[in-house]
Amino acid sequence: MTKIPPLLETRNLTMRFGGVLANDGVNFSLGEMELRCLIGPNGAGKSTFFKMLTGQLTPSEGTIRFRDHPIDGHPSHEIARLGIGIKTQIPNVFNGLSVRENIWLAAQRKTTRNAARQIVDEVLERIMLKDLAGAIVGQLSHGQRQWVEIGTVLAAEPELILLDEPAAGMTDEETERTAEIIHEINKTRALIVVEHDMEFIKMIAKTVTVFHQGRIMLEDNVEAVLADSRVRDVYLGKKVAA
Amino acid sequence: MDLAAIVALNVVNGAASLFLLCLGLAIIFGMMRIINLAHGEFVMLGAYAAVIAANAGINIWISMLVVAPLVVGLFGLVVERCLVRFLYGRLVDSMLATWGLSLLIIGLTTTIFGNTMQGVPTPLGGFAIGNYRTSWYTLFLLAVALGMMAIVYAVLRYTRFGLIARAVMQNPDMAAVLGVNPAHIYMATFSLGAAVTGLAGGVLAPVSGITPVMGSAYVAKAFITVVGGGAAIISGTLSASGLFGFINQLGAYFTTPVYGEVILFLSAIVLIRILPQGISGRFFKGTV
Amino acid sequence: MSDTVKLSAQIAAVLVACIVVAVMPLYADLFQLMQFTLFASMAVLALSLGFIWGFGGILCFGQTAFFGLGAYAYAVAAINYGDSTPAILCAVIVPALFALALGYFVFYGRISDVYLGVITLTVTLILFNVFNSTAGDEYTIGTARLGGFNGMPAVPTFNMPFDPTAILYPEDSWYVTGGALIAIYVGLRLLLRSRFGRVAIAVRENETRAALLGYDPRVVKLWVFVLGGAIAGMGGALYVNWGAFVGPTIFALSLSAEIIIWICIGGLGTLIGPIVGCFLIQYLVSQIGSQQSFNSNLVLGAILIVFVLLLPQGLVPTLRNLVAAGWYRVSERRRETGHGQSRQMTAGQPVGAE
Chain A
1 MTKIPPLLET RNLTMRFGGV LANDGVNFSL GEMELRCLIG PNGAGKSTFF KMLTGQLTPS
61 EGTIRFRDHP IDGHPSHEIA RLGIGIKTQI PNVFNGLSVR ENIWLAAQRK TTRNAARQIV
121 DEVLERIMLK DLAGAIVGQL SHGQRQWVEI GTVLAAEPEL ILLDEPAAGM TDEETERTAE
181 IIHEINKTRA LIVVEHDMEF IKMIAKTVTV FHQGRIMLED NVEAVLADSR VRDVYLGKKV
241 AA
Chain B
1 MDLAAIVALN VVNGAASLFL LCLGLAIIFG MMRIINLAHG EFVMLGAYAA VIAANAGINI
61 WISMLVVAPL VVGLFGLVVE RCLVRFLYGR LVDSMLATWG LSLLIIGLTT TIFGNTMQGV
121 PTPLGGFAIG NYRTSWYTLF LLAVALGMMA IVYAVLRYTR FGLIARAVMQ NPDMAAVLGV
181 NPAHIYMATF SLGAAVTGLA GGVLAPVSGI TPVMGSAYVA KAFITVVGGG AAIISGTLSA
241 SGLFGFINQL GAYFTTPVYG EVILFLSAIV LIRILPQGIS GRFFKGTV
Chain C
1 MSDTVKLSAQ IAAVLVACIV VAVMPLYADL FQLMQFTLFA SMAVLALSLG FIWGFGGILC
61 FGQTAFFGLG AYAYAVAAIN YGDSTPAILC AVIVPALFAL ALGYFVFYGR ISDVYLGVIT
121 LTVTLILFNV FNSTAGDEYT IGTARLGGFN GMPAVPTFNM PFDPTAILYP EDSWYVTGGA
181 LIAIYVGLRL LLRSRFGRVA IAVRENETRA ALLGYDPRVV KLWVFVLGGA IAGMGGALYV
241 NWGAFVGPTI FALSLSAEII IWICIGGLGT LIGPIVGCFL IQYLVSQIGS QQSFNSNLVL
301 GAILIVFVLL LPQGLVPTLR NLVAAGWYRV SERRRETGHG QSRQMTAGQP VGAE
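Residue numbers (UniProt numbering), protein chains in the order written: chain A, 1 to 242; chain B, 1 to 288; chain C, 1 to 354.
Rather than coming from a laboratory, the hints here were simulated on the basis of the structure. One or more hints might be untrue.
[To be verified] If you anchor each label on the Cβ, the simulated ranges turn out as follows: (1) C:F162 with A:N114: 37 to 45 Å; (2) B:A143 with C:S112: 36 to 44 Å; (3) C:L15 with A:G134: 25 to 33 Å.
Note that the Cβ used here is the ideal one computed from N, Cα and C, for glycine as well.
All chains, full assembly: derive it from the sequences and hints.
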């Protein structure tokens, strides 16, 4: 049987910092249009994994293939052009520019002037920052800057979206809105979401991958993962048991 | 044979002078991540202090080895308190402010002492290797460089201050964890770096032209050597000054002194491009 | 301040500048006019660094390298051709190519801020040393002798395009220099409103984010750098036209320092700031020079320190913020703002999508 190649596949992906193994032989695979959650305690290697996927770090060993096209060690902008967008853990935006300018920069790269303007308006609507379109991003709250970054990712219309802790620092209402947007995006695109908030994971996840000490410890559906005693031990124990 | 010996002596001397010139800058850069663009003027002040003290009748050796580092070390303390401490963590601003300081010092020195100054004669005599003459002072400079290296190494390796300083080099937040006020460490470090620089100015005074702008000849060389050497104070500065001193003297020998400098600068650029972390960042990780 | 207000202020400034350039010869004597011609040619240099540093985030400690190369290229070409028209072209192209080579080396090596400073400074020193040692007859390009530390005297000044017999008078040189300054300012303004300009500002703001959105920061910075080199080269040609002379001291460290001072004082991240800073400081230095009571190094150093410590934004942004604050007070509602982030420097020209 011929299989459709996965959207994203890593083989033996390893990242060493000096003597520290941040990622150790990660074999990860994501299908087209799939929504995957990554969980794991701090220092489990999730952010390092994202950084390798987006070219911010060059893996020490192993390969990354995006639609069967090797991307490991490629510069970030090339990977972005292939269609991988990321919202990083700490809001990573153009602080000196306005909200509208931030979104416009993401939208305009591969489209015409008018189309870009249209995308910007749509995205501003979606992230509910229309009223603040002219505000300088550096003066917004942490949560609002998260939204701006999500907006830039949406406006670039990537094939695969990586979200590193999208709900951190958001109100309950905003968290729900984020979950909604994730479901909406997932109708046409694949996503990988790193999150600590279990309620949020339950809201969005189907399959969950658990990172522990730089390796994939477990990969299963949400219920199974949340029920797994090892997962409780390394990470969830207190929260779920409480 | 004689020629080879004299060229070798020149090369070693070039490396030793460069090492002396750079050590103070390296201490400040390595531990505080501050580039002091007034470094050349610190050298100049050391030379002025030595010359003025010597002309006032103080023993030349004391003038060079005690007065110069003391004066510049105190000056460094004042500079740290009044200027540099406001600029930690702002690399570009600290470069700009120290550049301003460099102009200010040049201006002040010119206003007070005029455009030139009577230097001091080179102490110690000369000796001959075959048909070539050279001075004992060359060997003295080498000895001072070796001595400074030993002292700084010992301080960093075996004293409490050295331990804390190395901890700060590895991780700037460490000082607070160790229960030390980082402000004090920075103050001491900057002052120490200035004193070492003053000493370099003092011992180079007899072999340099003493003018207010003499520092500008040193700052660029010291700057690239320190950056080329990387963050480790001793191993980085030693390897970079050894390499650059060697290239400079050899280049000067085969072409002209001017092209010796040009070759030095070109090789420095290539080195920085190949090893952005400096020599020590690549080959001597974790050393001092 | 809204975009429209800013735009109208800029247009007004350009109009005023045009009028000043036009009427200056009526009010200034020849000596003053020559002074202003010199200041304006230096202001072109200031603009070049103000652009690459303020809008490309490239701190170049050796912008004089391009200025000097432009000056030498102009001098060599003008002596050889006897016509300033191709010489001006050379003065722009030679430094631009040099910037292309150097920028490729630097930006594609992912070299960070400090190292860029070191390298550009070092390159300037190399050029100084090299041009200083070109005294011999063997250093002759065509009929032009480079002249080592003596420099190249009696360089032909500007003439009417393609007519070497019609040499410009000092008044005409003033029009050309002042006009070039205004034209370059307007050109850069237009560029900053274009897609490229906006992307350049984005790269300066956050290189990582720009790359994650698919922009190659290396390419963007390289072109900004090349353009800066070309403009500095043009400044070099204008400078030679003013004095009919070029020597290796054009590469001196003190001039590099002075450009940075102009920008710190006028205001980083603006285009008008470097020009203002340049005129102010040059005027000040010429006054000090004529009085002899103060040392100009002392004054410049003190000014730079004061600005870095107390007025890090520079004059133009500070004034603009004062005006903007007044503007907000009279305007209807104060926008809800976050806390703490107000020191964030804003771009001189917002890159608003229309």
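Status of the hints after comparison with the structure:
About 44 Å separates the C-beta atoms of F162 of chain C and N114 of chain A, a value consistent with the hinted range of 37 to 45 Å. A beta carbon spacing of about 37 Å between A143 of chain B and S112 of chain C agrees with the range 36 to 44 Å that was offered as a hint. L15 of chain C and G134 of chain A have their C-beta atoms about 27 Å apart, which keeps the hinted 25 to 33 Å range intact.
Going through the hint list in order, the structure satisfies each hint without exception.
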